[in-house]
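Just so you know, the sequences run in chain order A and B.
For the first sequence, position 277 matches number 277 in the working numbering, and the numbering has no gaps at all.
For the second sequence, position 405 matches number 405 in the working numbering, and the numbering has no gaps at all.
Please note that a few of the clues may not be correct.
Unchecked claim - The calculated lysine-lysine pairs, modelled on PhoX-like cross-linking and capped at a C-alpha distance of 20 Å, are:
(1) K112(A) to K400(B)
(2) K94(A) to K138(A)
(3) K328(B) to K129(A)
(4) K202(A) to K138(A)
(5) K67(A) to K328(B)
(6) K36(A) to K138(A)
(7) K14(A) to K36(A)
(8) K67(A) to K35(A)
(9) K202(A) to K244(A)
Claimed, not checked - Distance ranges between label pairs, derived from CB positions:
(10) P242(A) to I177(B): 43 to 49 Å
(11) T19(A) to F306(B): 43 to 49 Å
(12) A86(B) to E134(A): 39 to 45 Å
(13) P62(A) to A86(B): 45 to 51 Å
(14) L73(B) to G22(A): 52 to 58 Å
(15) D79(A) to G259(B): 21 to 27 Å
(16) G175(B) to D264(A): 27 to 33 Å
(17) F348(B) to P62(A): 17 to 23 Å
(18) G175(B) to S46(A): 24 to 30 Å
(19) F306(B) to S46(A): 41 to 47 Å
(20) V264(B) to D218(A): 44 to 50 Å
(21) F348(B) to A195(A): 35 to 41 Å
Keep in mind that the hints were calculated from the coordinates and are not lab data.
Heads up, the beta-carbon is just placed ideally off N, CA and C, and yes, glycines get one too.
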Amino acid sequence: MKNNGTILSVKDLKTYFQTEDGVVKAVDGISFELKKGETLGIVGESGSGKSVTNLSVMRLIPEPPGKIVGGEVDFDGIDVLSLPIDEVRRIRGKRIAMIFQDPMTSLNPYLKISTQLMEVTRLHLGHTKQQAYEHGVKMLETVGIPDARSRMDGYPHELSGGMRQRVMIAMALSCDPELLIADEPTTALDVTIQAQILELIKDLRSRLGTSVILITHDLGVVAGMTDKIVVMYAGHVFEQAPTKELFATSANPYTKGLLRSVPDPAHEQGTELYQIPGLPPDVAHLPPGCPFAERCDRAQDICRTEFPPFVQINEDHHSLCHFAQEVYEESKMTAPTAAARAHK
Amino acid sequence: MLKELSCPKCGAPVTLENERQKLVLCSFCTATSAVDFEDREHPRLTLEESGVIDSVQRIKGASLWGDAWKRLLKNRLAVLGLVVLAVMFFLVTVGPAIFTGITGLTADYIPADGNLLKSFPPSMRHPMGTDEAGRDIFARVLQGGRISLAVGIISTIVSLIVGVSYGAVAGYLGGSIDNVMMRIVDIIYAIPYILVVIVLLSVFGGPNTQVLIQWLPSIIVGIIVGVAAMLAAFWLYRRLFGEMTARNLVERLLRFVVGVLVAVAVFALIGAASYLVGETGIGTSLAERYSDRVNLGLSQIFLLFFALGLVSWLTMARVVRGQILSLKNQEFVLAAKATGVSTFGIIFKHLVPNALGPVIVYSTLTVPSVMLSEAFLSYLGLGVQAPYASWGSLAADGVKNIAIFPWQLIFPGVTMALTLFSLNFLGDGLRDALDPQTRKF
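Next up, chain B with everything else stripped away, as it sits in the complex (with noise of 0.2 Å):
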């Protein structure tokens, strides 16, 4: 005769033990629910909504994240970093296009004589004023912006992949593997990375980019058939060895010749298929027909990118080795290797995640180091040239006419200094709502 209720939270069905019961505990999703038995018509209620108990509290799982992420809100500096950068990071990308769309300018717009406005200062129509050539400012900052927060952003994110998975897999293999991995990093760390960008620059920058270019293709197809071949190697191995034991000799001996068969064959096929890809003359074509533009200095950014990229993992795989030493040797990573979790596994799927607090504040403080040093290359000529612009370089153009007109370095200056200081900020409230042992006050 009692009537048949659902859950008004999940539906599950729900059975009353007696006509005066006021609350039914669903024991589907375990909401409880207030029954009113005088308006059967419209008798589900939560307690919440009913306003019985105002106290009952949810659990609410708040993961690990969610707690920094409260941490970091109460940090009011970092807060104003993330805003500062959020509105940085908008005019960035969106900003350009709108100044161009309201007054016709861009970053390498130069007037015909008529109205050619050299060095002019801040104005209704330029707001930061003109540099030297006539170019507005404004407009030059903000594309300035896309490269130096580019250039901040890409290296960073290489840093990531590279840097983390190398230290990952250093300290946690361990042992004599993680020497060698981590004295290849203190080799590379001792090369001067300036000497390296100079070097790269005058072998690849300029004209003799058409040489790179033409290569280009050639080195993408290989590294992806290389790639490509050794996966299928690998896999052919595994179906073809993984069932033997490797206790006699003959089997050892049997598997190093195929192994070493495979790994020439490996190289060959990489060879064979970059020697194809340039017979095609894909590379000629792409040479030349890109010639024009890559002499306008675009291939000096890509390859300031790959110079700075080749730099900033080093620490970052430091630091990430660093974590996984202290952490293979807690009980987790023992209880993995008993459920039968692979190496690749444990480290990628319960290593890296425990030591992303790190990783990530350290990123953040990898972003205005690596734009840094991307202003410092610009001022010194190496990196980015005009008419292309990044903060650096305008802050290069703008020092040579400081004590006429100021406005030339000081706008620039003064933006990359902003987002330099939100980046700092930001990281430092990071670090604080990410490992609040480590907190000084």
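If we strip away everything but chain A, and leave its shape as in the complex, we get (with noise of 0.2 Å):
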């Protein structure tokens, strides 16, 4: 094992969608690293490029429209984007596995969960229809699923949307993939299903040593579960640290405006919601200078004109900003609040 533990780094990763309206910078200039068994989370508005950014790692954006133009990404030693797309294919499910966001639309209709759960085993695993039954069975139990013998043959249709999840969840985990990537897991789940479906993978992942990547726009749910967070915007990592630091001691104006955002049920009561004013930018027409400075309540001229750096505030931690240093100090300052916030 080469790269001291580390399991997925991506370098420099450029995505773009030729569209009507120019070329879409989806994803540009992405750099993240992954050890082994540690939950990264990437946060970040729709449109922000988090999926976009998960579906390049997996080779799997539908071209055309769109590219991967730059930027590598290293798998276990692997150079993902110069594969052939047969050895990808060899990689998708087996070392890596994806879990999508609506469990409704992510089984097939047409098709049994067995059918749906022994391809992957029979493609990967080279599994006999018998072997591959019974270890669909067994995954189906591992996730939690009641009588998953009599579930196996039947439809999607006859489980509900945390059931089938789960079933998600176990075709994803068929193979004992090295790293799982949860695009939105539970975003189209009520939040007690939510909680349910967090806390199988979070015991999954510590049962079976895998390293997951948790894609969401919902901050109390990289909370409590990934060791390292990415905030997105635009295309753009905006600012990148350990869960407890970005949530304690943010350096960046955008993340401190999506952790205000949070409503808090104790405190808030009455009050107006705070929200980041305006809308994300259009991708296609980004200005020069920073892509946040129209909506940023600190933006100064220079916001408007030059591309931020990115700053790095300590070992773990950098943060996409012109003020990124004066940000640090100030959340510093207010850190006993913040750090509650990050407990709760």
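Combine both chains into one complex, guided by the hints.
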């Protein structure tokens, strides 16, 4: 094993989409690293490039109109981006597995649960029908589906959303992957089911030692789950830090805005909820300066004209802002309250 | 001290919590059973059997097909159509044999002069009368049904296989491949199929069929060798180059050259195989052997199959392509891709089953339209000819004498109309059952 336990390293990844409106830079120079057994959270608004990043890692970008124009994706020593597609297929589902946002549509409605579960293991582990069936039952039991054996021969529409997401997780974990990418796994589920699914992912991660990338727009989800967080905005990494540090002492105005937008039922009853003003920018026509400048409450002239630098605050903490250091100092002053928030 | 019990449903061992327990839940198959401690010899009754609860509903998985079937059964016209078709199918397949067994009449039996009954009206011996040559019309209608239904069904199967795979591949791959594939469909669409049939029949029909038959073994062997060689070459190519990454120019060039060489080799193999088969004289002897039968008009029927099959897959390809286009961006396709399923697997395992509803509907509607085309061609004298019969050619024979001997037209005509109506009703019923959103009432 090379790279001192790093399972996935993405360097300067660029994925562009050719549209009638011009080139959309959905992901424009993303870098992050994930160590074995770690959980990484990717947070951002809709359209910030979270999903495109991970689809690029899996080489699932529809081409055309999309194209990975630059960068490097290194998965356990394998250069994923220059691999022939046959080889990529051997990695997909076996070594990197993925869970999708909407369990209602990500299972094929016309195929039995068993058919869909068995397909993965027959493909990658060379199971016979019998082996694959038994493995499928075992996997359904692992993800906590009661009466697994009789569920195997059912169809997806007989299951509730939470159950379907469990089936998706069972499918994803069938081949014991080294990396699990969960693309907003709980967005379509209600709160109690959300908690169950997160608990399940957490439990399976610690039991199987799988590394996890958790994509979400819900800061509450990443707080309890992840070791490290990447905050994305308009195709760029805005801040990258260990979870606790990000919540306590953020060095980026955007992250701070996001943190303030989380409703706090204990303190803010009756008061108006904070929201970041304005809308996310049109990624096809980005201004020359900082993409967040229009919405930022501390924007100066330099923010509108010059692209901000990626400032290193300390060893693991980076922030994309002209005033990163100042924001960091500011956060430190109010750290106790912010830390209390993160703890909650 | 508690007795070991086993589940009445699946035989797995179940344990009891205490002596007074009346119900036990099997953890293996989840059947709930009543336990009767008074009578330990016969304790194993399920809830339903013991009548404790009548309303226990076993969760029974209803598949989407099961639901559709239920909806179809509610549609009276469709059920009627299904029944008529079943009866017709039965009559047409085994009917001629039974009828011949009882009366001794076959479709092409012309009695000797003494008993000759030309254009005889319906009677006990001839339920539908006889035609102008004295052949029994009932026997001919049954025999003709075989050919009419066979034309409909075979052409539809051809259109299913070719149309579904062609349309699915075009729709899924999209882009320029889709464009080229669908333009080919458009071009074939533009050729009037009657012209195709006329050309085919005049080139290969009648005495010329010998040529076709003579070449048939060569063509078949050529196709088989070709497909086998291509598969083998593909496999070999993958074995040789599959592990390489095709990054540098030299390697790509090498791949290209090998690909071209392999293609040439495959074509050479096909040619050689076809030539060798031609040299053995199998084709010639076959042609000599079957030429007398061929001249009886059977070849016309096969050419008809071929011509109708050629055009009937086009619309199917378009229907399937449309379906696949709307399905391919669904999340389950992405999920399947993310689990490493190949393009082939995604198209035929994940997408085609989802598109099957419209395909089934369309194919039930293709059968009558192909049958109608066949009848039309036979009526014009291009398709089936005496002594063979199809419903179309029987109608054509009957229409000559319509004023004097109306039964010669009425019986084949009504039989055909009944079948076509049934097929259309069934098709409409299937559309309502498989696609509930488009129901108008």
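Here is what the structure says about each hint:
1. Using a Cα cut-off of 20 Å, the hinted pair K112(A) and K400(B) is violated, with the two alpha carbons roughly 57 Å apart.
2. The suggested pairing of K94(A) with K138(A) holds, with an alpha-carbon distance near 17 Å, which does not exceed 20 Å.
3. Between the alpha carbons of K328(B) and K129(A) the distance comes to roughly 27 Å, so the proposed pair goes past 20 Å and is violated.
4. Under the criterion of a C-alpha separation no larger than 20 Å, the hint pairing K202(A) with K138(A) is consistent with the structure, at around 19 Å.
5. With a C-alpha separation of about 19 Å, the suggested pairing of K67(A) with K328(B) holds against the 20 Å cut-off.
6. Our distance criterion of 20 Å between C-alpha atoms is broken by K36(A) and K138(A), whose separation comes to about 25 Å.
7. A threshold of 20 Å between alpha carbons decides the hint, and for K14(A) with K36(A) the separation of about 24 Å lies outside it, so the pair is violated.
8. Straight-line distance between C-alpha atoms of K67(A) and K35(A) comes to about 27 Å, which puts the hinted pair past the 20 Å bound.
9. At most 20 Å may separate the alpha-carbon atoms for a hinted pair to count; K202(A) and K244(A) meet this at roughly 17 Å.
10. Between P242(A) and I177(B), the C-beta spacing of about 48 Å keeps the proposed range 43 to 49 Å intact.
11. A hinted range of 43 to 49 Å holds for the C-beta pair T19(A) and F306(B), which are about 47 Å apart.
12. A beta carbon spacing of about 41 Å between A86(B) and E134(A) agrees with the range 39 to 45 Å that was offered as a hint.
13. Look at P62(A) against A86(B): about 47 Å separates their beta carbons, and that is inside 45 to 51 Å.
14. Separation of L73(B) from G22(A) is about 55 Å and conforms to the stated range, judged on CB atoms against 52 to 58 Å.
15. About 25 Å separates the C-beta atoms of D79(A) and G259(B), a value consistent with the hinted range of 21 to 27 Å.
16. The hinted window of 27 to 33 Å between G175(B) and D264(A) is violated, with their beta carbons roughly 50 Å apart.
17. Checked against the given bound of 17 to 23 Å, the beta carbons of F348(B) and P62(A), roughly 20 Å apart, stay inside it.
18. As the Cβ distance of G175(B) to S46(A) is approximately 28 Å, the hint placing it in 24 to 30 Å holds.
19. The supplied range of 41 to 47 Å is broken by F306(B) and S46(A), whose beta-carbon atoms lie about 55 Å from each other.
20. Range check, V264(B) to D218(A): Cβ separation about 60 Å, and the 44 to 50 Å hint is violated.
21. Taking 35 to 41 Å as the suggested C-beta distance range, the pair F348(B) and A195(A) conforms, at roughly 39 Å.
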